[in-house]
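Given the sequences, and given the hints that come with them, work out the whole structure.
Here the protein sequences come in this chain order: A and B.
Quick note: the first sequence uses our numbering, first residue 1, plus one each step.
Quick note: the second sequence uses our numbering, first residue 1, plus one each step.
Just so you know, the hints here were simulated from the structure itself, not pulled from any lab data.
It cannot be assumed that every hint is accurate.
As the list claims (entries may be wrong) - Computed spacing ranges between beta-carbons, pair by pair:
#1 B:Ala-13 / A:Pro-99: 24 to 32 Å
#2 A:Glu-299 / B:Tyr-55: 25 to 33 Å
#3 A:Val-327 / B:Thr-116: 28 to 36 Å
#4 B:Gly-72 / A:Thr-302: 39 to 47 Å
#5 B:Ala-96 / A:Arg-78: 36 to 44 Å
#6 A:Thr-235 / B:His-81: 23 to 31 Å
#7 B:Ala-13 / A:Glu-299: 27 to 35 Å
#8 A:Thr-235 / B:Asn-29: 50 to 58 Å
#9 A:Val-49 / B:His-81: 30 to 38 Å
#10 A:Asp-331 / B:Val-63: 53 to 61 Å
#11 A:Gly-228 / B:Val-63: 28 to 36 Å
#12 B:Ile-88 / A:Arg-78: 34 to 42 Å
All residues carry an ideal CB built from backbone N, CA and C; glycine is no exception.
Okay, here's what each chain looks like letter by letter:
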Amino acid sequence: MSDGFASIAGLLAPLLTDPGAILDLTFEVELLPALLVAVPILAAAVPIVLGLRFDRTGWSVALLTSLGLFAGTIAIAREVYATGGYTQVIHEVGGYPAPYGIELVADEFSTIIALLVTGSAVGVLAYTRVGGPRGSTFYAAYLLLTGGLLGLSFTGDAFNMFVFLEIVGLATYGLIARGDSAESAVAALKYLVLGTLGASLYLLGVGLLFMATGHLNMEFINSELYDGALVENETLVRASFAFVFVGFAIKVAQWPLHTWQPDAYQRAPDGITPLIAALVSTVSAYALGRILFTVYGVEFVTATPYVQEIILTVGIASVMAGSILAVTQTDVKRMLAYSSVSQFGLIVAAYGLATPLALVGAIVHLVGHGLMKAGLFLGAGVVAAGYGARRVREFAGLAEHRPVAAASIAVLAISLVGIPPSIGFIGKWYIAVGAIQAEAWTVAAVIFLSTMLTLLYVARLLETMYFTPASARSSGHAVTGESGHGDAVATDGGEEANESFGDRRSADSSRRRRVSVGMLAIVAVFAVLTVGLGFAGDVLYEAIEPFAEEVFDDG
Amino acid sequence: MALELLTGTFAYATMFVLLAVGLYMMIANENLVKKIIGVNLFQTAIFLFFVSVAYVEEGSSPVVPAEADPEGLVLASPLPHVIVLTAIVVGVALTAVGLALVVRIYAEYGTLREDTLREVRTDE
Chain A
1 MSDGFASIAG LLAPLLTDPG AILDLTFEVE LLPALLVAVP ILAAAVPIVL GLRFDRTGWS
61 VALLTSLGLF AGTIAIAREV YATGGYTQVI HEVGGYPAPY GIELVADEFS TIIALLVTGS
121 AVGVLAYTRV GGPRGSTFYA AYLLLTGGLL GLSFTGDAFN MFVFLEIVGL ATYGLIARGD
181 SAESAVAALK YLVLGTLGAS LYLLGVGLLF MATGHLNMEF INSELYDGAL VENETLVRAS
241 FAFVFVGFAI KVAQWPLHTW QPDAYQRAPD GITPLIAALV STVSAYALGR ILFTVYGVEF
301 VTATPYVQEI ILTVGIASVM AGSILAVTQT DVKRMLAYSS VSQFGLIVAA YGLATPLALV
361 GAIVHLVGHG LMKAGLFLGA GVVAAGYGAR RVREFAGLAE HRPVAAASIA VLAISLVGIP
421 PSIGFIGKWY IAVGAIQAEA WTVAAVIFLS TMLTLLYVAR LLETMYFTPA SARSSGHAVT
481 GESGHGDAVA TDGGEEANES FGDRRSADSS RRRRVSVGML AIVAVFAVLT VGLGFAGDVL
541 YEAIEPFAEE VFDDG
Chain B
1 MALELLTGTF AYATMFVLLA VGLYMMIANE NLVKKIIGVN LFQTAIFLFF VSVAYVEEGS
61 SPVVPAEADP EGLVLASPLP HVIVLTAIVV GVALTAVGLA LVVRIYAEYG TLREDTLREV
121 RTDE
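If you want it as structure tokens, here you go:
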């Protein structure tokens with residue numbers, strides 16, 4: 001956290017010495033990474049302070065900040081993607097230069113993740129306007145989370161990454177615990193213990209890496225490693241990799257360390273699951289990629305015995321385990337959570353392939369999966385809010401009563417399978433081609449198998465929504481359905497289905513909220529986006545390829 | 001030889017013992033508060049590790065010396081100390097959040113033990 005303050009101090013220094021500089025600030029791209037990290041963390045205090053005096057200010061503050069962040073990321077993106085080769089926008093925090101100071105680095109990889117973070121943050125925020133949760137403390141945690149995620153994306157310092165991992169973690173635990181049922185506190189505690197374990201193991205790895213190289217800056221660690229440290233301190237570097245990888249395997253929810261994730265996703269409030277599912281794990285997976293390719297480098301991955309095999313095995317095991325577990329679930333949010341385990345397994349396996357094309361595929365799939373999961377969880381939230389349905393069979397007849405929600409969920413789910421044209425297809429395609437190029441037949445086979453399994457649980461959902469009549473499921477829904485689509489306050493859904501969940505039903509009905517047009521529209525926007533980006537395969541490839549090239553040139 | 005190894009690396013040995021104790025508490029202890037203490041112990045072991053990494057033989061504490069240009073000045077590395085300071089702050093915050101969650105769980109379920117909690121939850 002003190003790094004947050006350091007960056008803020010560094011940011012304010014030029015303002016204090018030269019107030020006229022405020023006007024020029026907007027045009028200095030180098031300042032943007034620091035602003036993107038500092039502004040949301042600072043703004044997190046605003047809803048709480050304003051909340052003492054005025055009601056209902058949190059949302060506007062959060063929206064204004066998020067929109068500003070989105071605009072800032074676009075400005076960085078214009079700089080990073082405009083020129084041909086590998087471009088970086090570097091900010092030295094507090095003006096201290098690299099080996100000792102902390103750097104914030106925006107390159108092709110981090111910028112696309114930052115775009116995903118700020119874009120999804122705005123989208124989810126639009127949903128929470130009506131869908132809830134509300135309250136100034138929620139928006140404070142929300143902004144803290146956004147700031148932490150952006151910090152995690154931009155940081156170029158291995159230790160600083162730990163600090164941001166923990167900021168993100170703290171905000172996430174708090175947000176999950178906001179769920180109405182007591183279960184959410186248990187889920188949050190579980191996540192807290194495991195998440196802290198993961199981050200601590202990462203810190204231990206960073207410590208060993210620091211012993212081996214004497215640096216914390218990612219670029220400097222990398223060059224030191226290849227200047228001899230890799231040979232001299234072989235054991236230290238390998239041990240550090242073991243700790244870092246296991247730490248991230250917990251954070252990214254790789255099988256068998258995924259156990260916190262289904263609980264956390266299922267028990268978090270509906271407005272928050274999209275954010276956590278789309279961003280927190282995605283950015284952790286980004287951080288793993290960043291450490292693998294910028295810090296350790298491709299050569300370490302491919303040349304050290306068993307490293308590549310271990311990464312591939314973990315990835316493949318997660319793909320299979322996640323898919324199979326997802327098929328067996330009855331709760332929609334839990335099913336989607338297990339599906340995340342498998343999709344992140346695919347990304348880790350793609351990292352393990354260590355070919356340029358697979359790396360591009362992993363990055364595209366990270367972004368695509370983030371968008372799809374955000375949309376799907378928002379869709380699940382809309383359905384739960386208006387229809388009271390949380391389990392797959394309660395989705396029966398959804399297409400009839402809520403055509404827009406059903407269609408959006410269907411589009412998103414189909415793109416999760418990887419059917420063109422959708423961004424889900426492009427990511428998988430690049431990874432699959434990368435696997436075939438690398439002659440990793442197991443990976444190719446697993447991609448195919450997991451696609452079949454994904455189709456299995458997606459088809460179940462589609463079949464229930466479109467071809468199972470609502471009457472097959474008793475009472476509750478008919479009432480909800482008749483009372484209209486959008487504006488009716490759904491009084492009671494799924495009485496029979498929820499009978500065994502007495503306490504949950506009461507929690508549900510007190511939580512049941514109006515489904516506004518805006519909430520539906522956001523889900524539809526995510527659906528359109530996944531399909532629209534499906535046509536942008538070339539553009540995405542062109543945008544990310546310089547980074548992959550740089551990584552593999554170095555190695 | 002074994003003794004030499006132990007005396008030379010006792011800081012690391014201590015760290016791994018603490019690490020193991022913390023991890024064991026985290027996994028095996030049924031009491032939620034003790035679990036959180038285990039997490040804290042685990043982190044503290046890592047802080048200790050960072051502090052011992054900074055040690056330089058014959059090195060003095062990294063403070064700017066009084067004379068302008070002292071000869072033969074050997075300092076312990078200040079960087080890990082600074083890092084640990086940040087990590088400690090993070091650790092304290094985590095413990096606080098963890099304990100707050102435990103308080104909420106206790107208020108809802110009336111128990112601090114994980115096995116009882118599991119029973120209560122499956123009953124519902």
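Verification of the hints:
1. B:Ala-13 / A:Pro-99: 24 to 32 Å: holds, 31 Å
2. A:Glu-299 / B:Tyr-55: 25 to 33 Å: holds, 32 Å
3. A:Val-327 / B:Thr-116: 28 to 36 Å: Hint holds: Cβ distance 33 Å, inside 28 to 36 Å.
4. B:Gly-72 / A:Thr-302: 39 to 47 Å: holds, 45 Å
5. B:Ala-96 / A:Arg-78: 36 to 44 Å: holds, 41 Å
6. A:Thr-235 / B:His-81: 23 to 31 Å: At roughly 25 Å between Cβ atoms, His-81 of chain B and Thr-235 of chain A fall inside 23 to 31 Å, so the hint holds.
7. B:Ala-13 / A:Glu-299: 27 to 35 Å: Given range 27 to 35 Å: holds, Cβ gap about 33 Å.
8. A:Thr-235 / B:Asn-29: 50 to 58 Å: violated, 32 Å
9. A:Val-49 / B:His-81: 30 to 38 Å: holds, 34 Å
10. A:Asp-331 / B:Val-63: 53 to 61 Å: holds, 58 Å
11. A:Gly-228 / B:Val-63: 28 to 36 Å: holds, 32 Å
12. B:Ile-88 / A:Arg-78: 34 to 42 Å: Given range 34 to 42 Å: holds, Cβ gap about 40 Å.
In terms of the numbered hints stated before, the structure departs from hint 8 and from no other.
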